[in-house]
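Colleague: Residue numbers (the numbering used here), protein chains in the order written: chain A, 1 to 325; chain B, 1001 to 1437.
Please note that the accuracy of each hint is not assured.
Estimated spans, in silico, between C-beta atoms of each pair [unchecked claim]:
#, chain 1, residue 1, chain 2, residue 2, range
1, B, Asp1354, A, Val96, 32 to 42 Å
2, B, Arg1198, A, Lys139, 15 to 25 Å
3, A, Gly82, B, Val1171, 52 to 62 Å
4, A, Glu131, B, Arg1170, 18 to 28 Å
5, B, Glu1270, A, Asp270, 55 to 65 Å
Here are some, though not all, of the chain B residues that point toward chain A, as calculated from beta-carbon distances under 8 Å [unchecked claim]:
#, residue
6, Asp1042
7, Asp1321
8, Ser1324
9, Phe1329
10, Gly1344
11, Arg1358
Calculated lysine-lysine pairs in the DSS-like style (CA-CA distance at most 25 Å, straight line) [what the hints assert, rightly or not]:
#, chain 1, residue 1, chain 2, residue 2
12, A, Lys272, A, Lys244
13, A, Lys249, B, Lys1187
14, B, Lys1357, B, Lys1227
15, A, Lys17, B, Lys1227
16, A, Lys244, A, Lys195
17, B, Lys1269, A, Lys249
18, A, Lys12, B, Lys1211
19, A, Lys12, A, Lys244
20, B, Lys1361, A, Lys272
21, B, Lys1206, A, Lys12
22, B, Lys1206, A, Lys17
No wet-lab data here; the hints were simulated from the structure.
All C-beta atoms, glycine included, are put in the ideal place defined by N, C-alpha and C.
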Amino acid sequence: MMINKIFQKIQKADIRKFRFWIQLFLFVIFVYGGYVAIDVGREIPVFSCGYDREAGGVCYFMSLQHQLARPWERLFSGASLGVLSAFGVFILWFIVFNKAWCGYACPLGTMQDWITALRKRLGIPYSTYSEESFKSLKKIKYIFLLIVLLFPLLIGAGLLDPEWRGAFCKMCPGRLITPMFVGDFSQWSIDFSSKTAIFLTTFGIAFTVVFFVGSFIKKRFFCFFCPMSAMHYIFSPFALLKLKKDGEKCTKCGDCYRVCDMQIWDIADDVKSRDILRDDCIFCLKCVAACPEEDALQVDIVKWAIFKSTKGGFAKRMGFEDETE
Amino acid sequence: MKQNEQPEKATRRVRKVEDPKARHQRHEAMEALKMLDALRHDFSKPLSSMDYFYELFEKVYCRREKLHSAKPMVGTLCIQIPYEIIYAMDAVPVRLCNGFHTNEQSGGEFMPAKSCSLVKATLGMLKQEDIPGVDKLDYLVHPTTCDQKTKSISMVEEIGYDVYHMEFPRVKESEESREYWRRTIRKFTKDLSKDLGRKINRRSLKSAIQKVGKAQLAYHRLNELRKLKSVPILGKDIFLITNAFFFDDIERWTEMTLAVCSEAEARVKEGTSAAGKRSPRILYTGSPPIFPNLKLPYMIEQADGVIVADESCSANRLFNDMVSVDEWFMYDMVDAVADRYLKGCTCPIFTKNDDRKRRLKELIESYNVDGVVYQSFAGCQVYEMEQRSIQQQMEALGIPMLYVETDYSPGQGGQLSTRIEAFMESLKVKNRRKQEG
Chain A
1 MMINKIFQKI
11 QKADIRKFRF
21 WIQLFLFVIF
31 VYGGYVAIDV
41 GREIPVFSCG
51 YDREAGGVCY
61 FMSLQHQLAR
71 PWERLFSGAS
81 LGVLSAFGVF
91 ILWFIVFNKA
101 WCGYACPLGT
111 MQDWITALRK
121 RLGIPYSTYS
131 EESFKSLKKI
141 KYIFLLIVLL
151 FPLLIGAGLL
161 DPEWRGAFCK
171 MCPGRLITPM
181 FVGDFSQWSI
191 DFSSKTAIFL
201 TTFGIAFTVV
211 FFVGSFIKKR
221 FFCFFCPMSA
231 MHYIFSPFAL
241 LKLKKDGEKC
251 TKCGDCYRVC
261 DMQIWDIADD
271 VKSRDILRDD
281 CIFCLKCVAA
291 CPEEDALQVD
301 IVKWAIFKST
311 KGGFAKRMGF
321 EDETE
Chain B
1001 MKQNEQPEKA
1011 TRRVRKVEDP
1021 KARHQRHEAM
1031 EALKMLDALR
1041 HDFSKPLSSM
1051 DYFYELFEKV
1061 YCRREKLHSA
1071 KPMVGTLCIQ
1081 IPYEIIYAMD
1091 AVPVRLCNGF
1101 HTNEQSGGEF
1111 MPAKSCSLVK
1121 ATLGMLKQED
1131 IPGVDKLDYL
1141 VHPTTCDQKT
1151 KSISMVEEIG
1161 YDVYHMEFPR
1171 VKESEESREY
1181 WRRTIRKFTK
1191 DLSKDLGRKI
1201 NRRSLKSAIQ
1211 KVGKAQLAYH
1221 RLNELRKLKS
1231 VPILGKDIFL
1241 ITNAFFFDDI
1251 ERWTEMTLAV
1261 CSEAEARVKE
1271 GTSAAGKRSP
1281 RILYTGSPPI
1291 FPNLKLPYMI
1301 EQADGVIVAD
1311 ESCSANRLFN
1321 DMVSVDEWFM
1331 YDMVDAVADR
1341 YLKGCTCPIF
1351 TKNDDRKRRL
1361 KELIESYNVD
1371 GVVYQSFAGC
1381 QVYEMEQRSI
1391 QQQMEALGIP
1401 MLYVETDYSP
1411 GQGGQLSTRI
1421 EAFMESLKVK
1431 NRRKQEG
């Protein structure tokens, strides 16, 4: 009875507020954790940048690129047990929360939501991609993932100049933005030591400018290109947290698609898939909160539903229900 | 003697020629009253909260009283015209889709014989230039939904009305159609505001969205009760309630519908049912029953059936899908309103209609339906054409379906009611067999 009551309360919760506070909390942990000696490791599946000297946990791509760049004879030897164990830790972190890392924990994602909040305050409309550009642009994150994985391996094999070490990190806006929060602006510079360095650091600055402009006009602009998001998607079938849809209950009204920051078409139009998580999804759960059909969308942990779409919850969040009810 | 008096009496019996308008009004009132009396008195255990609705129809159609006179009236000729936008300008949307045989006849004078009864009756009423419940129309919006409605736009213009042409896509899956329809609604919002000289802003639109949302929720609450094993309210009353939404003041409508909810909920607690224990549970689908053409729901429930669910644009489709907004600004709200009227719509005018089939299946399951009654107005090609695929789907689901082709004429009564009674009997037999093993 008690559990049932709590469950009912959760279904009517204001997911936006809930998310805002979790995001703020985790932002502080990841960006300022170092000040209070918090360190949750270097295998974190979000863009919590290691260039921030006070980071409370570091993006897995930083150590992954470093580890994969070993000479091949070392990489494929017993000495790489550490590489495997790091990967294991990454997987463990990931499979518990699935892509909720993106929607709730990623400092870069949180920043974009704050930029969105600023845009909203100014009453400026957001933009969306056309269906065509959506389809072509979404491939970019896989190219970035390839850079993350392949470039270090090529360096290790001696096929690529070591100047390309940590290439993605140098291109990533996270390297420039995150340290700023602890007063470090030193990343905003072009490294003139070599042509490669000039290219990578210039790209980084340009990408960061695009990050700010882009996320001001498009919700979660950067996530669309994020290689971590692509990496997540590979392992998401094994995750414990699931986003599920019951197509029979869906009326295809598109309310979920309307609120989706990532413009995921399938969330409204696919009535066949049970597992509705797509590669662009950031697991923010706005879709579940915006769905007026009972049980059409739900979030499961293993097989237990923790958050479902309900008519009552929808009505409350939309202000269709009086506060007293 | 008597023989002498006769010629004198004949000369005295000069009848006044009745004014055509008065005659039309008298016919309308007769038709309305006949149906209202039947709905009100031919069923046992009426809900007293329904009195408001019976009286409302009597007031509008028999006593011809006018409602909400101070506000601009926007006549709408289909379900796709967004209520939220109109309410946000403090205007009143009045759905003009008509159900009177009298009007069907007057429309038939200038429309092809094979046109659909609803379109004929609506145009017939417009031709009379006397719209029940409304002083005058300040605006008339007509969408390009089905062929007959599309073509009737120019006929309405010939009668002498200014008509706003609202472009509506006939494919709803594509991104292009979504964008096209959003643009239509954005333009409509601007045009209506300019033409009526009324401002719309985020506050007024938000409150309009919430007003409509509240009305929808009231209907949903009522519908929940129809899922129960002993149904506390008959379908004929539901149709009357949803029909009242066409023209009634929205807030009063919501209040009165909630009153019906409360009374019906109290009945559920008492354990009283509006139907018999063995009454077959019917899903009604097809051409919309619009007052006073409620003969089919009336017949079904006179034959001991109970309509527990419906899928039609005069009831369920009006309330089904709700607006969801991400950012409460004009730019997001107007698009959100547009989406509500396109994406979830199950009208047969669209190229594909898997959504309608899925909706029917969902209704059959959650309302525990025994049989489906599918009505198509003679001449309503889209419903006629879709009948076959729905029939096949029902066969696959093992749900019997009765297909009836009707119009507004009262003459059909006997034959139609025989068919319906036979269908109800067959459903009862089927249920009894199922229970026996």
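Colleague: Taking the hints in turn, state whether each one holds.
Modeller: Hint check:
1. B:Asp1354 / A:Val96: 32 to 42 Å: holds, 37 Å
2. B:Arg1198 / A:Lys139: 15 to 25 Å: violated, 48 Å
3. A:Gly82 / B:Val1171: 52 to 62 Å: Holds, since Gly82 (chain A) and Val1171 (chain B) (Cβ atoms, about 57 Å apart) stay within the stated range.
4. A:Glu131 / B:Arg1170: 18 to 28 Å: holds, 19 Å
5. B:Glu1270 / A:Asp270: 55 to 65 Å: Between Glu1270 (chain B) and Asp270 (chain A), where Cβ atoms are some 45 Å apart, the hint is violated.
6. Asp1042: violated, 34 Å
7. Asp1321: holds, 4 Å
8. Ser1324: holds, 4 Å
9. Phe1329: holds, 6 Å
10. Gly1344: Hint holds; Gly1344 (chain B) Cβ to chain A Cβ min 3 Å, cut 8 Å.
11. Arg1358: The hint holds - Arg1358 (chain B) has a Cβ within 8 Å of chain A, the shortest such distance being about 7 Å.
12. A:Lys272 / A:Lys244: holds, 11 Å
13. A:Lys249 / B:Lys1187: Violated - the C-alpha atoms of Lys1187 (chain B) and Lys249 (chain A) are around 33 Å apart, more than 25 Å.
14. B:Lys1357 / B:Lys1227: Holds, because 19 Å separates the two Cα atoms, which is no more than 25 Å.
15. A:Lys17 / B:Lys1227: violated, 35 Å
16. A:Lys244 / A:Lys195: This hinted pair is violated, its Cα atoms lying about 48 Å apart.
17. B:Lys1269 / A:Lys249: Measuring from Cα to Cα gives roughly 28 Å; hence the hint is violated.
18. A:Lys12 / B:Lys1211: holds, 20 Å
19. A:Lys12 / A:Lys244: Between Lys12 (chain A) and Lys244 (chain A) the Cα gap is close to 19 Å, so the pair holds against 25 Å.
20. B:Lys1361 / A:Lys272: Measuring from Cα to Cα gives roughly 15 Å; hence the hint holds.
21. B:Lys1206 / A:Lys12: holds, 20 Å
22. B:Lys1206 / A:Lys17: holds, 20 Å
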